[in-house]
Every structure is written in C-alpha cells, then in structure tokens.
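Undergrad: So you can see what is in the structure, the chains are spelled out below.
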Amino acid sequence: MLTCKDASHLLSERQERPLTFRERWGVRLHLWICESCRRFERQLATIRQAMDFLRGRAEAEAQGSDLSPEARERIRQALAEERGRAKD
Amino acid sequence: MNEPNEDQAAGSPETWLDQHGTALYRYALAKLRDPHRAEDAVQETLLAALGARERFSGGASVRTWLIGILKHKVMDEFRRQVREVPLDDPDDAAEVEDPADRGDFDPSGHWRDRLSDWGNPQETAERAEFIAFLQRCLDGLPHRLGHLFWLREVLEQDTETICKDLDITPTNLWTLLYRARQGLRRCLESTWLKGAGLAG
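Chains A and B are the protein sequences, given in the same order.
Quick note on numbering: the working numbering labels position 9 of the first sequence as 9, and the sequence is numbered without any gaps.
In the working numbering, each residue's number is its place in the second sequence (first place is 1) plus 1000.
Misleading hints may appear alongside valid ones.
With a straight-line cut-off of 20 Å between C-alpha atoms, the simulated SDA-like cross-links for lysine to any residue are [said to hold, decoys possible]:
id, chain 1, residue 1, chain 2, residue 2
1, B, K1073, B, P1035
2, B, K1073, A, R17
3, B, K1073, B, D1106
4, B, K1164, A, R17
5, B, K1071, A, E13
6, A, K5, B, D1104
7, A, K5, B, W1111
8, A, K5, B, S1108
9, A, K5, B, R1112
10, B, K1071, A, E61
11, B, K1071, A, K5
12, B, K1071, A, R42
13, A, K5, B, R1186
14, B, K1073, A, R55
15, B, K1073, A, E82
16, B, K1071, A, E59
17, A, K5, B, K1194
18, B, K1073, A, D66
19, A, K5, B, C1187
20, A, K5, B, P1107
21, B, K1073, B, L1166
22, B, K1164, A, E16
23, A, K5, B, T1171
24, B, K1194, A, G84
25, B, K1073, A, E16
26, B, K1071, A, Q49
27, B, K1164, A, E13
28, B, K1073, A, R74
29, B, K1073, A, A71
30, B, K1071, A, S65
31, B, K1073, A, A58
32, A, K5, B, K1073
33, B, K1073, A, W25
Quick look at which bits of chain A chain B covers, simulated, 3 or more residues with Cβ under 8 Å [unchecked claim]:
id, segment
34, 3-14
35, 18-30
36, 45-55
37, 58-70
38, 73-85
In case anyone wonders, no lab produced these hints; they're calculated from the structure.
By construction, the Cβ of each residue, glycine as well, lies at the ideal position given by its N, Cα and C atoms.
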C-alpha cells in the first residue's frame, strides 16, 4: 500500500510522465481511501489551471505593450554600430 | 504574412526593428515578464539575426525567422536565471535535504495535517483573489524552483528539453517540480485560505 508521501509524489509526477500500470493502480487505490490525497490531487489541478490563467494574462498584457522610444533608439544604435563594425 | 521582399532573402536589417520590433517585444515580454529583459532579448535577437543574415533561407517569413531566434534567446535567459543561483545557496541545500517532505509528512508517510478543500479547481483557479495569492507565493519560492516551475508550466517546455538544457536528470527535475508544487500549496493554504475563510 502506498503511503501519502508516495502517492503525492506520483500525483505530481503524473504531470511530467505517464505512470506505469502498477503506479496508476496504486494511486487509484490510495485515493479511494484517503481524503487528504484526494484534496492534494485537486489542489495540484487548481494550481495548474491557475498557471494557465497566468500565462494567458501575461500574453494579453504583452499584446497591449510596445518597445519604449528609448529602447527602440538604443537598439537602432546597437544595430548601426554592429553593421559599421562588420563593414570594417 | 506580407513581408516586403527587398533583397531576395532577409530584407534590410534597418527595417527589421520598424516592421517586427513590436511583435518581437510582445513575444519576449509575455515570456520574460520584465520590460528590460524583454528589450535586451529583442536587441540580442536583431544582432544575432544581423550576423546570420546569409543563412536566412527565404522559405519562412522574416518575422517567423526572427521569432525563432528570439525563442532561443528567451530560453538562454531562463537557463541563466536557473543556473545563476550559486551552488552554496541555502535553497539548493534545502533541495537536497528534502524539507518539504519532512514538514508535510510524519515518519510513517502520512500527512501531518489534513489538507483543506479548495473547492472546484476550475472555479477556484479563476478567482482573482486566488490568482493574486498564487502570484505572491510564486515570488516567494526559492528562485531556482520558481524559475523552473515557470519554465515548465508557463513556457510549457517538455521534461526532456529542460533536463538537457539544465543538465539535470529527469528524477531530479521531478523532485524539484514536486517541491515547487508542495511549496505553492503550503503557501496558499497558509495565506489565501486563511483570508478566504474556506478552510474546513
């Protein structure tokens, strides 16, 4: 029988790799009898979904922004310098 | 895409910044979340493109080609951040010592404290309050763990790529991600849940 510690590791690893048949059944059995680990499973799912949300928000925020004029000018100069160097 | 085909290949570097600077910056900002680092990534990308101009095959659009270079620059930046933490950093020692497990479980491997019910994952994950606390808890993770978790969850890098990039074993990576998740979970239990009054 898996301990909660074992089960929690497998529930996390499940997000990185497919579990073996034996591991899947071990986890399923454990979850059946353990409320805390069922909650752990749902907590991980919540965190993952919230991370998806954060990613979406970061992308939406980026869509509304642009290089500052100063940064643009700095990059323009860096490019010009580099081209000048290449020509020498 | 309608890229003007000035030369037969990549076009004139002077126009890259005008035509693609905004797109490059937005991509970099979405991944790096820091205006200065995003600006630097754009600059490095254009300089790299300048040096590699002859190798542009003309098959893809210039923008696709530039974004491809930028992706590598963004990954370089993350690699640097994850590696930057010195080896004698207490965070790293903590990774070896396994404090997460010791704190959460009793010697027989059972949870020390009953976990709380966070409600329906979908609904909870969309609550502004939860997101705000998650953000705070992410910032509070040890730097290495935080970057690694962001790399995995937000940049959606697969395990194999991360392991190769950071020169760690899959087992090591799984353990680190486990620590990150446990750390976030614990942090959320003690901050968000306390305030939300949801705890059972």
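Undergrad: Against which earlier hints does the structure fall short, listed by number upward?
TA: 2, 3, 5, 11, 12, 17, 24, 25, 26, 32, 33 and 35
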